[in-house]
Amino acid sequence: MLKANWIHPSYNMGKVCPLFRKDFFIENTVASATLYITARGVYEATLNGTRVGDFIMAPGWTSYHNRIQVQTYDVTGLLQEENSLVLALAEGWFWRLKKSQLKAVIAQLHISYTDGTTEDIGTDESWLVAESKLRFCHLYNGIIYDASHSPVFDTQAVIASDNSQDLLIPQQGEAVKEQERLKVKEIIITPKGETVLDFGQNMTGCLEITLDAKKGDEVSFSFGEILDKDGNFYNANYRSAKAMYKYICKDGIQTFMPTLTFYGFRYVRIDSYPARIVPEGFTAVVIHSDMRRTGYIESSDPLLNQLFSNILWGQKGNFLDIPTDCPQRDERLGWMGDAQVFIRTASYNYDVLKFFRKWLNDVKAEQYENGAVPDFIPSIYPRKPRISTAWADAIAICPWQCYLTYGDTDILESMFEPIIKWVDYITKTTTKPNLWFGGKHYADWLELGGKYGKFKGPTRDDLVASAYYANTVSLLIKTGRLLGRDVSDYEALYQNIRSAFIREFREDFRTQTEHIMALQFDLTDKPQAVADSLAELIHKQGDMIQTGFVGTPYILHVLSRYGHTDLAYTLLLRQEYPSWLYPISKGATTIWEHWDGIRPNGDIWPVSMNSYNHYAYGAVGDWMYGVMAGINTVEAAPGFKKVHFAPIADDRIDWFGAEIETAYGRVSSRWWHENGRVHYEIITPVEATALIEGKAYKLNAGKHCF
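All residue numbers for the sequence shown refer to my numbering, where the first residue is 782 and numbers rise by one.
Treat the hints as calculated values from the structure; they're not laboratory data.
Heads up, some of the hints might be wrong.
Claimed, not checked - For each label pair, taking beta carbons as the anchor points, the in silico distance ranges come out as:
id : residue 1 : residue 2 : range
1  : S813      : E1061     : 20 to 30 Å
2  : Q946      : E1061     : 39 to 49 Å
3  : G1265     : K1476     : 12 to 22 Å
4  : R802      : L1084     : 50 to 60 Å
Glycine residues also receive a C-beta, built at the ideal position from the N, C-alpha and C atoms.
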C-alpha cells in the first residue's frame, strides 16, 4: 500500500485539467529513488521539468471498479537538491464511470539515502493545485491546449472522500508507448479548397506540430480516415466524437504533442494555422502497447503484402492497452468477439501474452456472479451488456490460444473457473436443453446477404450460439484435462450438445457461416459432404465471401481442410467486392469494419457504424501463417516446442514466406515456383513434422529443403 492519499482539486475546475505540485529539498546523498503513481483517469508526471517514464495514457484502462494498476519509475537520476514534482491529470477512460466519482491521483516518492535512511513523499492535502495549460481533454473529443497560459499554484489539494487503496495492483499489462513517427506523405488541396495532410497510413496516435508563432495565435485540426469519392475530407463516421485539436500558441518556435488522449487518423485537415504550412512542421506519432514483433509474411504479390501490412496496422491501432474494436469514433471498446476471432493472428504477429493476461484478468473481474460475461471489457456501467455467443466465449478461446502459442498454463489455471461459470450459465438459461436457444446474440455480425445497411444477415442465431456452446465446452474439457481436473460431467455434456446439434439442424445449412460453424467445431458426421456443399454454395454465389465476424475467420480453414484449397485461394486473391483485397483498391491501409466500407461506386457505408481501422477480418492472417506457409503449433507440445509444417502452394503466387520468432527460436517456411516445380524451404529450431504435397517427414532442428 502506498504511503499516500488520493487527492483532487479543492474546487471544481470544470473541463480544465489540474496540475498538482510538491516542492521539496534533499540534503543527504541519494542512493535510489522510486516513484509509485496511478490515477483515476490518466496522468503525466514531471520531476524538475523532465517527464517521468515514457508510458502514454498511464495507468491504462482496467476494470476501474475492481482494479487500478500502479506504475513504478526509477527517478534516481532526476533528483536535485531543490526539487519540484508535478502531476498532470486528465479523465482518459475514467470519464465512463459514474459522474459522482471524481478523477484523482495518488503517488509516493520513496527515497533511499546512502546513510541507510529513507524518506517518503506522498500525495496529501499539502500538495498545491493549479489549472493547467490543458484547458480541455477528452478521450473522444480531443484537446484544447493553451501554451500561453501560466499555471498559478494558489490553492491546495483535497484528499478524496473515497481514499481506499483496496483496488490498487502492480502494473500487469504492457505500457503504451510511442512506437513510430510518420512524415507527411502529401499536402492535398481538396475540391472544396481544404488543406489536408496525408500521412499515407491509417494509424492511432497523436499529431506533433512545430511552428513559429505569436502568443494567442490559434492552431486547429480535424482528423479523418478517408477522403470521400470527390476527394474531400471526411470524418462523419466518427459519429459524436469531435476529436478536436486546438492549440493556442506562445511566442516563438514551439513544439507540441498531446499525450493524455489519442486519435485514429490518416488525414489531418488544417482548419486554422498562423504559420507557413510545410511538411516538416507535422509528424504523426504512432502509439500502442509495447509489444515485441514476432511474425513476418512476404510474397511476390504486392496486394497480399499490402493486406498483411493492413493486418499489422489494424493490430497496432487497436492494441492500445486493451484489444479495441476501433480507435477513432465514439466507441474504442474492448469488444470480446473481435478479440477472440483475431487472437491467433495477433499472437503470431506480436508477443501478446502479457497484453492478454492483463485483459483477461479484467474479463474475470467483470464476469457476473451467475456466470454471464459482458460483450466488451472493461464494461461501462450502468449500461446493460448483451450476453452474446462468440463474444462472451472469448473467456475460453483467448486463454486456449495463449496456451497454444506460448505454452502458458498459468492463464488456463486462472481462467478455468470462469469458463465453468460461463458454460453453466448457458446450460441454465437456454430454452432448449443441450443447445443454446433463446438468447439475444450478435451471431454472424455484419454478415452479407441481409438488407443493405443492416448489421445482421440470414444466419440463424441459435445455430451459431449452439455451435459456440459446443466449442467452449470442448475447450473447457481440454483445459480441465491439462490441469488434472475432473471434467467427466462436461464430457457427457459435450456429447449431448453435439448429438442435439446434429438432430436439430440435420446438415440443413443455409448460409456459408452455418456450414462453417458445423465444420470448424466438428458438429457434423458428414464433414466432407458439408464442405462440398459449402464449396458449391460459394460457387453459386459467384465465388465470393458472404460471411461476417464469426464465419470469416474460419472459412478458408474449413475449405482447405476438406480439399478445397484452390477455392480458398480464389477467395483470398479475389480483388472485386466483397473480398480482403477489395479495400486495397480503395486505398485501405488498415482492415475495414465492413467489406463495403466504401462501395464500388464510391458511396460510403452509413455513418451509424463504419470504421476503417477494425481488425476482425484481419483474422485471415492465421490462414496465411498456418496454411499458405503451413506453420502450426502442436497441441501436445504447445508454445512451438514442436512444430508441424504443412505448406500449400498455389500457382497464382510466384513465392510466399512466413516466419515466427518463438521461445525456441525462429520458425520459417518458404516456397517458390522454379522450372515447373515447387521448392520448399523450412527452418525449425526444434523437432518438427512436415507434410509436403502429401508426403510426411520427421525433421530435426535445422534447415530443410524439398
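Tested hints:
1. The given range of 20 to 30 Å is broken by S813 and E1061, whose C-beta atoms sit roughly 41 Å from each other.
2. Taken as a hint, the range 39 to 49 Å holds for the pair Q946 and E1061, whose Cβ atoms sit roughly 47 Å apart.
3. Checked against the hint of 12 to 22 Å, the C-beta distance between G1265 and K1476 comes to roughly 38 Å, which is inconsistent with it.
4. A hinted range of 50 to 60 Å holds for the C-beta pair R802 and L1084, which are about 55 Å apart.
In the structure shown, a violation is registered for the earlier hints numbered 1 and 3, in ascending order.
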